[in-house]
Amino acid sequence: MSGSEGATDGQVVRAVLAGDSERYAELVTRYRDRYARYAARMLGSADEAEDAVQDAFVRAYDQLAQCRDPDKFVGWFFLILRNRCFAERRRSKDVAPLEAAGAVAAPERPEVPVETAERRRALQHALLELTPEQREVFVLKHVEGLSYGEIAERLGTSVPSLKMRMHRAYDRLREQLRDRA
Amino acid sequence: MTDFHPQVRQLLDGDINLADLPPELRAEGEEALRLLAAVDREPVTLPGTLGARVLAELRRRAEAPGFWRRLRLRPWTLVPAFAAGAALALLLSTPAPTRAPAAVTVRFVLFAPEAQQVALAGTFNQWDPAATPLVRTGAPGVWTATLTLPAGQHQYAFVVDGARWVADPAAPAVDDGFGRRNSVLSL
Amino acid sequence: MKAFCVTLLLAIAGTALGAQQDVSARLAGRVPPEIAALVHQLALGAAARGLPIDPLIQKAIEGSAKGVPADRVAAALRALTAQLDVAAAAIQQAGSNRPDTEAIAAGAFALNAGISAKQVTALALVSRPPYSTAATLRVASTLAAMGVPGEQTVDLVTQIIASGGPATDVLGLPGQVMVGVSQGQGRGVTPAQAAAGLARAAAARANAPGQNKPKPQHP
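Chains as they are written, first to last, in the working numbering: chain A, 128 to 308; chain B, -17 to 169; chain C, 323 to 541.
In isolation and in its complexed conformation, chain A is listed as follows (with noise of 0.2 Å):
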């Protein structure tokens, strides 16, 4: 069947599994900045963002069969990028602040106050020492804009748990904060 106009992703899915492995790239296509943000607050540069994604797309085609309903591909991709940005984050732990300050450093817009600039970079910077856990919530809160009841249903938690973890990261932050001050 050729043509991909309006094909769902359950038809797309299902029609690489059958071998026509070129079709992968519309989900790609489709869904590669969805969680682009996230993996970019998470990781600390859009950089980073973009090779996890890249990985990611690729782990997700290897585990493709394993996708238990092709209809909720990207729900099961986000997933895979998740635990891609949490064991990124454990791998690099010793990576030198000073390197931390590079990666961070992306080319800002021109529009945004050098002041502005400088406030987010120190803040994704006090994010990156936070737990993957503490950051994530952060993230998907004061980022992506989700609210604690929508927080805990998608990492399957309580809302008390997590605002602890983020009364926690809110302290943190503010010890951070000042730190570099």
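Check before you lean on any hint, since a few could be wrong.
Said to hold, decoys possible - Derived DEER-like restraints, expressed as beta-carbon distance ranges:
{"hint": "1", "chain 1": "A", "residue 1": "T258", "chain 2": "C", "residue 2": "R394", "range": "43 to 51 Å"}
{"hint": "2", "chain 1": "A", "residue 1": "R305", "chain 2": "B", "residue 2": "G(-4)", "range": "16 to 24 Å"}
{"hint": "3", "chain 1": "B", "residue 1": "P25", "chain 2": "C", "residue 2": "A484", "range": "45 to 53 Å"}
Don't read these hints as lab results, they were simulated from the structure. Positions of the beta carbon are idealized from the N, C-alpha and C atoms, including for glycine.
With chain A fixed as given, assemble chains B and C onto it according to the hints.
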């Protein structure tokens, strides 16, 4: 002690406003709001070439001798025949010419001259004895079936005459949890 | 931003709902109702603990297809769940906070094949990219099922990985052990002995003077 006051944390959570804070917490509240203002919420767009790069990476891994390449396993030795039930599994491995997630063609063979019917049941066909009957070949007593299976580890057994579950004597076997043995096939 | 949140929420909620419906769909008509109910119950707990549920579904279908009485199937399912938990803990011991479900399933299978929990941990420890934990454990299970004792299986796999060849070297181990057995049949070579011979050969290659160890391939 740099912990935020609990009420300021509520402010950060969005449960209360700055105006709701008592005067002595006002400064801390403003500090907290400055922290939130520093959050970068700009959408991130990844290059349009990502799709092509993912495909290129998949192609590269399919072609380079590497982890995802299917192995050409040697045919297993024919174990000196026991009574009916000696079996042999030949692996006909085809390195996938396309780059689809790998699949391997496998031929299952059972030597069972006394049987009236033989079937193959395993993890790849929901253990349904009706799904994959073997057929008699020219050689007397030899039954075969050929399947294309996805990469991975599979368990299976032969079902003789609809009732007798027989593991493959020449294949590695594991406990099935029910007091019998399953044969293991790794692709 | 709201549109993103809603879509994301639906996608994730859909995954959870879809998973449960998927369990029902796969069990429908293949297992008696009380087994289906038990699978659902065990699957809920398993999923919450990050364990794969596919092995449970497979085992339930297998037992019913084999005509095994329901109480025996139930016992096997509970035993399998315990194996999944032990496998997950054993792999976590090797330093992975969130072992992937494929590795856990392979670990449970390894336990079933006679590999000990400690040996599962040892295998997970040596499995750095490009050697995946799941594949290493599957190979170990096959070797154990062939009659190679657990300790020797760990030795052999460790030795092959240490010599730095491509991951296909690990995947090819069961076949190589079979060849060793068949070639030594006249002398009564057991799988254990064949495995030991392979391990010695790999160690000798790795330690040969002037040997340039091939670099492991990066995925």
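We went through each hint and held it up to the structure:
For the hinted restraint 43 to 51 Å between T258 (chain A) and R394 (chain C), the CB-CB distance of approximately 44 Å keeps it satisfied. Separated by about 23 Å at the C-beta atoms, R305 (chain A) and G(-4) (chain B) satisfy the suggested range of 16 to 24 Å. For the hinted restraint 45 to 53 Å between P25 (chain B) and A484 (chain C), the CB-CB distance of approximately 46 Å keeps it satisfied.
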